[in-house]
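Chemist: Each residue of the sequence shown is one higher than the one before, counting from 1 in my numbering.
Quick caveat, the hints were computed from the structure, so don't treat them as lab data. Don't take every hint at face value.
[Unchecked claim] Pairwise CB distance ranges, derived in the manner of DEER restraints: (1) E174 x G24: 24 to 34 Å; (2) A41 x T80: 27 to 37 Å; (3) L75 x R35: 18 to 28 Å; (4) Q158 x S104: 28 to 38 Å.
Even for Gly, the Cβ is constructed at its ideal location relative to N, Cα and C.
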Amino acid sequence: MIAGIGCDVVNVADFAQQMQDGNGWRSLFSTRELRQCAMRAQLKNDAEAIHVAARWAGKEAVIKAWCEAMSTLGLQYPYTLDNTPWASIEILDDSHGCPSVRLSEDVNQKLLESLHAPEATNPHESDSANVSVNGVNRVNCVNHPNWRVSLSHDGLVQNSSAIALAFVVLELRES
């Protein structure tokens, strides 16, 4: 079952400017993400900012998909803009160069807890297994979240036309 969809677009030129400002932007990314961005830029002979911006769009899209999944149950979002652990939400390439979402243990635990949502059931019912969305039992699905992510970019950083785009789907599979 698709529980949430997230999409984000980043203006690469604006993002590249923020990267040069030295405002701590590196703390928003893991060492592995930054290393992959540098390697990919070198391999593609293009600007590192394009790849970092695409991963930033991916992180934002992950949060949007997660929040959409929770909104179907009317629950509080897991993080605010001020306390989102951005470096713990990684957008990493696999061995084939395809992007994937990797959550730290703490963030993954928060995801599982937030989607289990026993408080979303009818308070007069004691069985939390009744939480369902579109006829699919939500409780049986939360142990099997699956992320689908696509990153893309187009345009030139030099003339400020470059954009980075991320599209993320959060699926919950029944056990």
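Chemist: For which of the previously enumerated hints does the structure constitute a violation, in increasing order of number?
Modeler: Numbers 1, 3, in rising order.
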